[in-house]
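2 protein chains.
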Amino acid sequence: MALPRAARTQRRTRIQEAKEEQILEAALEVFSLHGFRGATVDQIAEVAGMSKPNLLYYFRTKEAMHRALITRVLDTWLDPLREFDAEGNPVSEIRSYIRRKLEMARDFPRESRLFANEILQGAPNIEDELKGPLKSLVDEKAEVIRTWAKAGKIARCDPYHLIFSIWSTTQHYADFDVQVRAVLGQNQAGEGRFEDAARFLEQLFLTGLNISEQPA
Amino acid sequence: MALPRAARTQRRTRIQEAKEEQILEAALEVFSLHGFRGATVDQIAEVAGMSKPNLLYYFRTKEAMHRALITRVLDTWLDPLREFDAEGNPVSEIRSYIRRKLEMARDFPRESRLFANEILQGAPNIEDELKGPLKSLVDEKAEVIRTWAKAGKIARCDPYHLIFSIWSTTQHYADFDVQVRAVLGQNQAGEGRFEDAARFLEQLFLTGLNISEQPA
DNA sequence: TGATAATTTGACCGGTTGGTAAACATTACA
DNA sequence: TGTAATGTTTACCAACCGGTCAAATTATCA
Numbered sequence: 206m207a208l209p210r211a212a213r214t215q216r217r218t219r220i221q222e223a224k225e226e227q228i229l230e231a232a233l234e235v236f237s238l239h240g241f242r243g244a245t246v247d248q249i250a251e252v253a254g255m256s257k258p259n260l261l262y263y264f265r266t267k268e269a270m271h272r273a274l275i276t277r278v279l280d281t282w283l284d285p286l287r288e289f290d291a292e293g294n295p296v297s298e299i300r301s302y303i304r305r306k307l308e309m310a311r312d313f314p315r316e317s318r319l320f321a322n323e324i325l326q327g328a329p330n331i332e333d334e335l336k337g338p339l340k341s342l343v344d345e346k347a348e349v350i351r352t353w354a355k356a357g358k359i360a361r362c363d364p365y366h367l368i369f370s371i372w373s374t375t376q377h378y379a380d381f382d383v384q385v386r387a388v389l390g391q392n393q394a395g396e397g398r399f400e401d402a403a404r405f406l407e408q409l410f411l412t413g414l415n416i417s418e419q420p421a
Numbered sequence: 206m207a208l209p210r211a212a213r214t215q216r217r218t219r220i221q222e223a224k225e226e227q228i229l230e231a232a233l234e235v236f237s238l239h240g241f242r243g244a245t246v247d248q249i250a251e252v253a254g255m256s257k258p259n260l261l262y263y264f265r266t267k268e269a270m271h272r273a274l275i276t277r278v279l280d281t282w283l284d285p286l287r288e289f290d291a292e293g294n295p296v297s298e299i300r301s302y303i304r305r306k307l308e309m310a311r312d313f314p315r316e317s318r319l320f321a322n323e324i325l326q327g328a329p330n331i332e333d334e335l336k337g338p339l340k341s342l343v344d345e346k347a348e349v350i351r352t353w354a355k356a357g358k359i360a361r362c363d364p365y366h367l368i369f370s371i372w373s374t375t376q377h378y379a380d381f382d383v384q385v386r387a388v389l390g391q392n393q394a395g396e397g398r399f400e401d402a403a404r405f406l407e408q409l410f411l412t413g414l415n416i417s418e419q420p421a
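Sequence lines, in order, name chains A and B.
The first sequence lines up with residues 206 to 421 when you count with the numbering used here.
The second sequence lines up with residues 206 to 421 when you count with the numbering used here.
Among the clues, some could well be false.
Which copy? The list can't say, so a pair holds if one copy fits it or any two copies do.
Below, in silico cross-link-like pairs of lysine to aspartate or glutamate (EDC-like), each with a Cα-Cα straight-line distance of 16 Å or less [what the hints assert, rightly or not]:
(1) Lys340 with Asp280
(2) Lys336 with Asp382
(3) Lys340 with Asp382
(4) Lys336 with Glu230
(5) Lys267 with Asp344
(6) Lys267 with Glu225
(7) Lys224 with Glu251
(8) Lys267 with Glu234
(9) Lys224 with Asp284
Source of the hints: derived by calculation from the structure; they are not laboratory data.
Since the model is a prediction, treat every value here as computed from it, not as a measurement.
The whole structure should be built from the sequences, with the hints applied where relevant.
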């Protein structure tokens, strides 16, 4: 008799590995486009190229799929912030952070939208992870920024709102892509907008935080 | 026999006016919380305090409700940008714009989330309005900003990405409210975060655009 | 090979959902 | 007041959706 994945002893076969990957890829596609409630298991099954019961053999419920996906995405989503280095040069650290976040928005828009969908709906499934690991990491990096400000390396500013503003400006290009394209029009529809955005955001943040420009 | 609203001759009775308002208020509540697909007509009817068929007497379909709501919200959403004045002082214009957008995020988070939901799902119902009225307005204001830059009143920068960054940073406090609260923690849970955000964003944008020391 | 476990599928089920039919109630107004 | 238009409700339906079941198919390996 076939046991569902969670009940299996330990080793994952190559088939399991491949199929689960295939399913999560399809689930990402569908969830990011329609949200949790808007996505249907049939849709995901079709995109994954398998029958619905087959899909439910690997993930027992729609929610299990979503949970697996969200957990994975939240993790990679935080990677750029983890690389934020207290020992580094503030200017290059902040510049790199903006670059990395913008690259993620460009290369992994579905992941960004999945996350945005979840937060928008009140983050019913990941509130704990937000208040735990996420908050801890942000607290830590905020302290770094505060130290830089106290040392006069960057302008004094609220480090939390600085992080929020970097998050929002960069993710905007993934989450609000349709709007960005509509406003920029056909001529700018190519990937050039990411280069323009990078240039603008670097100017905004680096000048905005430059100690020499800082008003008393 | 009762005819649905759209087929009626012309005059809207006071009852119609009141009920439609009541319905849209409830629809806003539910749609902004669960998205279009996640919201159910029964839910909206319950929040509106009326039976489902009664609700469907005023709006024949769930989609009609959503369309009416989106159109209205898009309109008020653009109001702050409309007030952006070419004749004004760049410093105060940009500062006021940030303030107004932030106030909207604080006072009308449901509207912001409804809109965000729609864009996130690919804006299936309002793509035309984005490419038409929205783009026109942004084009117009972008030209104003460009003029200011050429006149040396503010730093040279891409006006479109400047507008995007103001949109994203301010709306972030409505759309990602759960995350913001989670990161800031209990102590900052009050409305103080909006004041802090305003202070930070003003500093960021005004300094970032090199206009903090411009005379009025 | 044969037997056992893992995988896949068509048919199906109960609950939900958007929407309808038609009878009933209320309001507007001649 | 009478009556026609407007407003409201109960009962209901067909489609959809998440998930189950049992039977069939395929992979694993002694």
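Results for each hint:
Taking the closest pair of Cα atoms, lysine 340 and aspartate 280 come within 16 Å of each other only inside a single copy of the chain (13 Å); across copies the shortest separation is 36 Å, beyond that limit. For a Cα distance limit of 16 Å, the shortest separation of lysine 336 from aspartate 382 across copies, 13 Å, qualifies, whereas the shortest one inside one copy, 28 Å, does not. With identical chains, the CA atoms of lysine 340 and aspartate 382 are at most 16 Å apart between copies only, with a shortest distance of 14 Å across copies and 27 Å within one. Taking identical chains as interchangeable, the C-alpha atoms of lysine 336 and glutamate 230 are never at most 16 Å apart, the minima being 27 Å within one chain and 31 Å between chains.
Within a single copy, lysine 267 and aspartate 344 get their C-alpha atoms no closer than 33 Å, and across copies no closer than 43 Å, so neither meets the 16 Å cut-off. With identical chains, the CA atoms of lysine 267 and glutamate 225 are at most 16 Å apart within one copy only, with a shortest distance of 13 Å there and 36 Å across copies. Within a single copy, lysine 224 and glutamate 251 get their C-alpha atoms as close as 13 Å, which meets the 16 Å cut-off; across copies the closest is 42 Å, which misses it. Taking the shortest alpha-carbon separations for lysine 267 and glutamate 234, only the intra-copy value of 14 Å comes in at or below 16 Å, while the best inter-copy value is 25 Å.
Within a single copy, lysine 224 and aspartate 284 get their C-alpha atoms no closer than 26 Å, and across copies no closer than 49 Å, so neither meets the 16 Å cut-off.
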